[in-house]
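Q: If you count the sequence shown from 1, you need to add 342 to reach the working numbering.
It is possible that some hints are incorrect.
Stated by the list, open to error - In silico PhoX-like links for lysine-lysine, alpha-carbon gap of 25 Å or less:
| no. | residue 1 | residue 2 |
| --- | --- | --- |
| 1 | K860 | K825 |
| 2 | K842 | K815 |
| 3 | K751 | K860 |
| 4 | K363 | K656 |
If you are wondering where the hints come from, they were derived from the structure by calculation, not from laboratory data. All figures in this text were calculated on a predicted structure; none of them were measured in a lab.
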Amino acid sequence: MQHKWFFTGRYNGYSLPNFQKDLLSGLVVGVIAIPLGMAFAIASGVKPEYGIYTTIIAGILISLFGGSRYQIGGPTGAFIPILFGIVMTYGYENLLIAGFFAGIILFLMGIFKLGSLIKFIPRPVTIGFTSGIAVIIFVGQIANFLGLTGVEKHETFLSNIREIIIHIHSINFYSVLTAGICLIAVLLTPKFSPKVPGPLIGLLFSTVIASIFYPNQIATIGSTFGEIPSALPHFKVPEMTFERVQQLIGPAFVIALLGGIESLLSAVVADGMTNSKHNSNRELIGQGIANMITPLFGGIPATGAIARTATNIKNGAVSPFSGMIHGIVVLLVLVLLAPYASSIPLASMAPILMVVAWNMSERHVFYHVLKTKTEDSLVLVVTFLLTVFVNLTVAVEIGLLLAVVLFTKRMSDITVTVKALPNPNNKHEKMESKMVTDARDCPQISIYNVEGPLFFGAAQAFEHSIMNTINYKPRVLLLRMGKVPFMDTTGESYLSSIVKDFSKHGVVLISGIKPQPKSVLVKTGLFEYIGEGRFFDRTGNAIDFALEHLNKDKCLGCKHFAFRECTVFSGAHENIEKKGKVVTTS
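Just need the whole structure built from these sequences, with the hints factored in.
A: What follows is the structure in structure tokens.
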């Protein structure tokens with residue numbers, strides 16, 4: 343079945359025009375990936391060429407074996423604090439071993455179909471550690487931006503801050519000028535030429551200026567790391583001993599966990615941009631294969647890159663071929679232009695990584711969750727602070743534990759009654775109530791009865807049930823939320839996605855909402871987005887509003903021009919008014 347999906351699901355109807363689109367997108371993303379790959383490698387404490395090797399090998403393998411049509415894989419900013427810590431503690435050779443075992447773990451997670459478990463990681467935890475990583479990356483580039491000399495890199499955030507303060511007197515004006523030129527180019531290029539990659543223009547422009555006007559005045563890749571080889575390294579299996587495996591299995595699990603989260607988040611973003619659906623277990627298998635093979639050629643751990651994946655889609659990619667082409671483009675550049683890369687100033691790499699950190703900081707979402715002033719805000723802040731001032735492993739562990747404890751406490755304060763409801767079609771038959779059920783007797787309106795708390799563990803199932811059953815695009819969507827006792831920010835996020843997607847062609851109404859979910863919607867602004875006039879205490883009132891909204895339209899399903907003449911809908915309306923127990927109707 344997987345074999346059939348790989349060859350027909352992803353390449354069904356593939357044509358020459360499709361290949362031309364993939365070729366263009368792969369070329370653009372490949373050009374963008376070159377400076378990023380080197381920058382991520384340097385920030386991780388290894389030579390820049392290792393980032394290029396990772397971009398080539400992992401980029402091709404993730405597209406070839408992964409579960410998303412559009413995923414672009416390679417080194418990412420999210421890995422920087424972890425990889426740097428491993429290099430500082432265990433060395434580069436041991437990083438390769440940790441990456442190899444992380445690949446095995448990811449592969450097994452996919453084989454045992456554990457991809458869906460990622461959804462149980464609460465949103466405040468992922469936002470917290472992502473924002474924390476962004477701060478670490480940004481601060482880590484200040485020394486290169488200012489051209490400070492004598493700075494020693496440390497694992498801890500405060501130690502690195504102290505190093506910057508101690509050596510601030512060694513600031514290099516030429517480095518600041520070079521970094522400023524690159525930063526301006528990175529920021530302005532998309533405004534004047536959206537299709538041209540800003541990081542590449544900034545890198546080329548600042549490097550040329552530095553080489554012509556003040557050569558040998560600032561540190562470059564060549565002066566710091568030596569010449570970049572113009573070929574891939576030979577295949578080599580790292581020496582593995584029982585002691586090494588025992589020592590590195592912990593870091594391997596951390597790499598695998600973060601790699602799995604990042605790759606699936608990237609795949610979800612791609613789904614949202616393209617209205618497609620990725621295979622989460624196959625994606626983990628692809629990530630596992632890539633991370634098992636890449637270290638054998640000297641590459642560092644890789645995962646799905648959200649920004650490069652989004653760029654791939656925006657440039658017209660239609661299949662995984664674009665990701666493979668992006669890897670081939672980087673390989674050709676390595677072979678043909680590697681000697682020129684040695685002239686790139688480190689000051690030119692710094693603003694590129696700073697912009698990456700700024701973009702991945704999730705600052706808007708961070709504030710969105712923070713302003714709710716709920717338990718989610720506490721989880722967010724704790725995870726963020728632990729990521730910055732301790733390390734990512736502790737941050738995720740404590741964040742998850744705190745989220746579970748607070749969730750358990752909240753659920754213990756809420757009594758949820760689940761009753762067996764009568765089947766509207768058979769009064770003598772009982773059926774178990776579900777979180778979302780539906781009927782489609784009339785195409786103009788869909789009414790859903792939502793039961794149970796909308797929290798991080800159930801929110802995705804809620805969205806899936808709704809979105810899978812409104813593809814025929816009714817004019818009105820009514821959500822009966824009288825039995826939703828609790829909603830967290832993850833549930834609100836999925837509800838917001840449904841509302842905003844449906845509002846493009848119809849009207850969303852909500853009846854019977856409880857005070858706690860309503861307060862969350864008010865705090866996040868979704869209540870105002872929907873409109874106060876579209877919230878109702880009773881379902882009957884909501885249906886009257888829907889009837890008025892649709893009264894002048896033609897009921898396509900029942901072929902009546904006046905919607906009130908629709909006998910199917912009128913009967914359902916009468917059932918709700920008289921019994922108040924109908925699970926769903928339309």
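Q: Each hint needs a verdict: does it hold in this structure or not?
A: We went through each hint and held it up to the structure:
1. K860 / K825: holds, 13 Å
2. K842 / K815: Cα-Cα ~14 Å, so holds.
3. K751 / K860: Given that 25 Å is the threshold and the Cα spacing comes to 20 Å, the pair holds.
4. K363 / K656: The hint holds at about 11 Å.
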